[in-house]
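Here is how the chains run, residue by residue.
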Amino acid sequence: MTLGAFIQEKNKPEGWNRPPAMKPDGDGELLEVAMGPHHPSTHGVFRMDVSLDGERVIRLKPVFGYLHRNHEKLAEGMSYLGSMPFTDRLDYICSLTNNWAYALAVEELTGQAVPERAEYLRVILGELTRIVNHASSIGFLIQEMGASGTPLMYAFKARENVLDLFEALTGARMMCNYMRFGGCRVDASPAWLEDTRKVVAGLPQFVDEFERLLTGNEILMARCQGIGILKPELAVNAGVTGPMLRASGVNYDIRKVDGYGIYNRFPFRVPLGEHWDVYDRFMIRLLEIRESIKILEQALKEIPTGTVMDSKAKIRGFRPKPGEAYGRIEAPKGELGFYLISDGGPNPYRYRVRPPSLINLTILEDMSLGQNVADVVLIFGSVDIVLGEVDR
Amino acid sequence: MMTVEGIKMMIDAALPGSGVEIVPNPSPSGQHSLRLDPRHAVAVAKFLRDDEELALDFLSNATGVDWPDKEVTEKVKVTRPVTKTLEGVEQTTEEIVEETRKRVEPGCLEAVYHLYSVAKKHGPVVIRMKTVNRTDQVELPSLTSIWRSAEFQEREIFDLFGIVFKGHPDLRRLLMWDGFKDHPMRRDYIDPDDFEYEPTAHDEVLARAAAHRAAVANQEGGSAGK
Amino acid sequence: MLGEGLLKGLAETARNFAGSFVSKERLTTVQYPEQRIAPIEATRDFPFLVYDGDDWQAGMRCVACQICEKECPPKCIYIVKSTDKKPDYVGKPQFYPARFDIDISVCMSCQICVEVCPFEAIKMDTEFELSTTDRFGGLLFDREQLAKSNEYYHRIHPTEAEAVDAVLAGAKAKAEAKTTTAAIASAVRGAEIPAHPAGDGD
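Protein chains in written order, with this note's numbering: chain A, 1 to 392; chain B, 1001 to 1226; chain C, 2001 to 2202.
Please note: incorrect hints may appear among the correct ones.
Claimed, not checked - When the alpha-carbon atoms are kept at most 27 Å apart in a straight line, the in silico BS3-like pairs for lysine-lysine are as follows:
(1) C:Lys2148 to A:Lys312
(2) C:Lys2070 to A:Lys73
(3) C:Lys2086 to A:Lys314
(4) C:Lys2008 to A:Lys157
(5) C:Lys2086 to A:Lys312
(6) A:Lys294 to B:Lys1046
(7) B:Lys1046 to B:Lys1181
(8) A:Lys231 to B:Lys1120
(9) B:Lys1070 to A:Lys231
(10) A:Lys256 to A:Lys301
(11) A:Lys61 to B:Lys1166
(12) A:Lys73 to B:Lys1121
(13) A:Lys73 to B:Lys1046
(14) C:Lys2172 to A:Lys312
(15) A:Lys256 to B:Lys1120
(16) A:Lys314 to A:Lys198
(17) A:Lys314 to C:Lys2008
(18) C:Lys2178 to A:Lys73
(19) C:Lys2075 to C:Lys2148
(20) C:Lys2174 to A:Lys314
What the hints assert, rightly or not - Residues from chain A shown here face chain C by an in silico Cβ test under 10 Å; the list is partial:
(21) Leu220
(22) Leu272
(23) His275
Unchecked claim - Here are a few chain B residues that face chain A, going by a calculated C-beta distance under 10 Å:
(24) Ser1027
(25) Gly1030
(26) Phe1047
(27) Cys1108
(28) Ala1119
(29) Val1138
(30) Phe1152
No wet-lab data here; the hints were simulated from the structure.
Quantities reported herein were computed from a predicted structural model and do not represent experimental measurements.
Ideal Cβ positions, reconstructed from N, Cα and C, are used throughout, including at glycine.
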């Protein structure tokens, strides 16, 4: 059968058990290549064992665990607050959304309410993080195509302004440790909000420049269009979430579905992909940056005065009642969820991170079969993973 | 979105005798779960996915929990022969006496799944399965054939907890290396002794590090002395 | 035409390149270490112990309550409590740390020690150029290396230090008011007229 027919056959919803690998044509032996863990394009320490017939991928097995720090076990020995700095280090590019997901899960567990101003600050910081993450992800993808870092440095130039904002508010550029159970750690001064407005006012120009640099670029289109196609039924069944799922045409954005925080006050559109390939994933991320800018402008206008933390919330001696809860947010990489079981003590009994990057990698093999090895790097870059989250 | 009781009624109507129980959740989150019988789990999961009203086509999270053996102290009323002296005559009668007994409640390993519906945009529905014990009977059916996203997550549960999933297409370790022996996330896991110099280690870490270095020095001294 | 996208992209890069000669915001590289950017006020690097006045041992605010040691997530703080007491800023005799070590190779600058300290004794420094050739001892800071004055704290974090000073002054005033009212009450109750009326300040 032809290559196209084979890939269609493979992506059928029935029969999720692994079908036999593609049979090579010709009498060549298969070349086994280990891509990684020391590899500039694998976004961290990650290995892919690929079996190649010439340039075509016959089999691809991802191998990870090189960055496994057993974060879940550490959390069992630490208080709830003590795990918060470690959540920064899960998806280390987007530390504030990790903090938010953990705070949300604990607030689900205890039923604690969050003040209005804290919710607005969470939205502002979350959307700033999303913009930073999507811009960096596009930059890294273009770098893997061989652009030697120019678009990446443009993205990092915008990122520097946002990181300065984070440093002024939380004290650190990347490992912010800012969200607390029931609000945020410190309040934002009016000067900080003014600075944020200035930065957000400069963002549309950055996105325009980025788009002029990239979209319409013939090399980009030739390399990204038509590869790594992921059918929507397979995407949903494989647990794919985030921009990857929306690029496969499935309208599922947890900000709209769960409406956590105050997201139902912000009207924003959810871009969906039509061709389900790598180019769509890259375009979805660009469009999502624009939607995030809209949310930011509205949030900065409407932010009310007030406290950012309930004064009766406990910092030390925090013991939630026994029970369990699962809280999830739309992190920039996908659905980041925390599952907590409490037995009434100061430490959680079971602390589980649902890592979007790991679960998005489930169908990496399916997307890459039959493609060239060079395209595997691009497909992998379009999944947008961070090893801190995959391995925890 | 139906309540847990409603879902249980639907499952019982469609697959009678499938042994589904409700496990209440005391926290304010209100996420009660359904415990499935491992023998019927695959059928129930298929029903949950394919039913038109529930349409739970998205497995969000699959994780394991370790419930170790618990020592339970309880007061039991038993009938025992008691010897008493009444009016100078020794008599043995059967009387009901309260005794404190200690027994070990066997622990188990549990797999918890969180399901959502992308088509209907509702959820979460939490399902759980327990193994028989923690030592030799640790098998559970794999739900990878129903939801593909369980593939890597069940491998991770196997790696870190030791639950063997029957029917999983590729069950091997995920995060630890292939030759690793123990299951790290179990509550009774002891870390191996490989201490670097850690100047501010204190309390039991300092004691263990000192013991480890002494043991290594002994070994090296012994082999060097030969 | 074919290549139009490429030309547009090249025009963008050319604009940035030419612009870096004329406009400041297109020239983003800072020639560190000859050029440095002004540090942001709220930045945090590693903790330090605050002392009031000139003598770091007498004025140290830390009372060795060991709360920061317990709450520290990577357990990088090691405290040994003293056996005697010395008076704190309010005048109450308190313990002090005989040993206070922070291993900054383990510290992850999470700032939880600052959050939980009830005595405003430990704060975050902004020094990050701390590289040394000694891998273990050089990165283990003891009590003397960690002690820095309140004036230094005002220099690196002015707004924060002022707020802390206000809190401490308020606590001190409350404590003094309590002793004053207690002394007046005992003077009224006592039969003897005290030699010095307790209401006089010192």
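Okay, the hints, checked on the actual structure:
1. Straight-line distance between C-alpha atoms of Lys2148 (chain C) and Lys312 (chain A) comes to about 33 Å, which puts the hinted pair past the 27 Å bound.
2. Under the criterion of a C-alpha separation no larger than 27 Å, the hint pairing Lys2070 (chain C) with Lys73 (chain A) is consistent with the structure, at around 18 Å.
3. For the proposed pair Lys2086 (chain C) and Lys314 (chain A), the alpha carbon gap of about 31 Å is over 27 Å, so the pair is violated.
4. Distance restraint check for Lys2008 (chain C) and Lys157 (chain A): the Cα-Cα separation of roughly 20 Å lies within the 27 Å cut-off, and the hinted pair is therefore satisfied.
5. Between Lys2086 (chain C) and Lys312 (chain A), the direct Cα distance comes to roughly 33 Å. Violation of the 27 Å bound is thereby established for this hinted pair.
6. Pair hint Lys294 (chain A) plus Lys1046 (chain B) does not hold up; C-alpha atoms about 41 Å apart against a cutoff of 27 Å.
7. The suggested pairing of Lys1046 (chain B) with Lys1181 (chain B) is violated, with an alpha-carbon distance near 34 Å, which exceeds 27 Å.
8. For the hint linking Lys231 (chain A) to Lys1120 (chain B), the alpha-carbon distance of about 19 Å falls within 27 Å, and the restraint holds.
9. At roughly 48 Å between alpha-carbon atoms, Lys1070 (chain B) and Lys231 (chain A) are farther apart than 27 Å, so this suggested pair is violated.
10. Only pairs whose Cα atoms come within 27 Å are accepted, and Lys256 (chain A) paired with Lys301 (chain A) is accepted, the gap being roughly 21 Å.
11. For a cut-off of 27 Å, the pair hint linking Lys61 (chain A) to Lys1166 (chain B) stands: about 21 Å separates their Cα positions.
12. Simply put, Lys73 (chain A) and Lys1121 (chain B) have alpha-carbon atoms about 32 Å apart, too far for the 27 Å limit, and the pair is violated.
13. For the proposed pair Lys73 (chain A) and Lys1046 (chain B), the alpha carbon gap of about 33 Å is over 27 Å, so the pair is violated.
14. Only pairs whose Cα atoms come within 27 Å are accepted, and Lys2172 (chain C) paired with Lys312 (chain A) is accepted, the gap being roughly 24 Å.
15. Proximity of Lys256 (chain A) to Lys1120 (chain B) is assessed by CA-CA distance (about 13 Å); at most 27 Å being required, the pair is judged to hold.
16. At roughly 35 Å between alpha-carbon atoms, Lys314 (chain A) and Lys198 (chain A) are farther apart than 27 Å, so this suggested pair is violated.
17. Pair hint Lys314 (chain A) plus Lys2008 (chain C) does not hold up; C-alpha atoms about 56 Å apart against a cutoff of 27 Å.
18. In summary, the hint linking Lys2178 (chain C) to Lys73 (chain A) is not supported, as the alpha carbons are separated by about 48 Å, beyond the 27 Å threshold.
19. Between the alpha carbons of Lys2075 (chain C) and Lys2148 (chain C) the distance comes to roughly 22 Å, so the proposed pair stays at or under 27 Å and holds.
20. For the hint pairing Lys2174 (chain C) with Lys314 (chain A), the CA-to-CA distance comes to about 24 Å; that is within 27 Å, so the pair holds.
21. Satisfaction of the interface hint for Leu220 (chain A) is found here, the shortest Cβ-Cβ separation to chain C being roughly 8 Å, below the 10 Å cut-off.
22. Evaluation of the Leu272 (chain A) hint against chain C yields a violated restraint, the C-beta minimum of about 24 Å exceeding 10 Å.
23. The interface hint given for His275 (chain A) is broken, as the beta carbon of that residue sits about 18 Å from the closest beta carbon of chain C, more than 10 Å.
24. The restraint placing Ser1027 (chain B) at the interface with chain A holds, with a minimum CB-CB distance near 2 Å, inside the 10 Å limit.
25. At its closest, the beta carbon of Gly1030 (chain B) sits 9 Å from a beta carbon of chain A; the interface hint therefore holds under the 10 Å criterion.
26. Given hint, Phe1047 (chain B) at the interface with chain A, is violated; its Cβ is 16 Å from that chain's nearest Cβ, farther than 10 Å.
27. This hint is violated: Cys1108 (chain B) has a C-beta 14 Å from the nearest C-beta of chain A, more than the 10 Å allowed.
28. Taking 10 Å as the C-beta cut-off, the interface hint given for Ala1119 (chain B) holds, the closest approach to chain A being about 8 Å.
29. With a cut of 10 Å, the hint placing Val1138 (chain B) at the interface with chain A is violated, because the nearest CB-to-CB distance is about 17 Å.
30. Taken as an interface hint, Phe1152 (chain B) checks out: its beta carbon lies about 5 Å from the nearest beta carbon of chain A, inside 10 Å.
Hints 1, 3, 5, 6, 7, 9, 12, 13, 16, 17, 18, 22, 23, 26, 27 and 29 from the earlier list are contradicted by this structure; the remaining hints agree with it.
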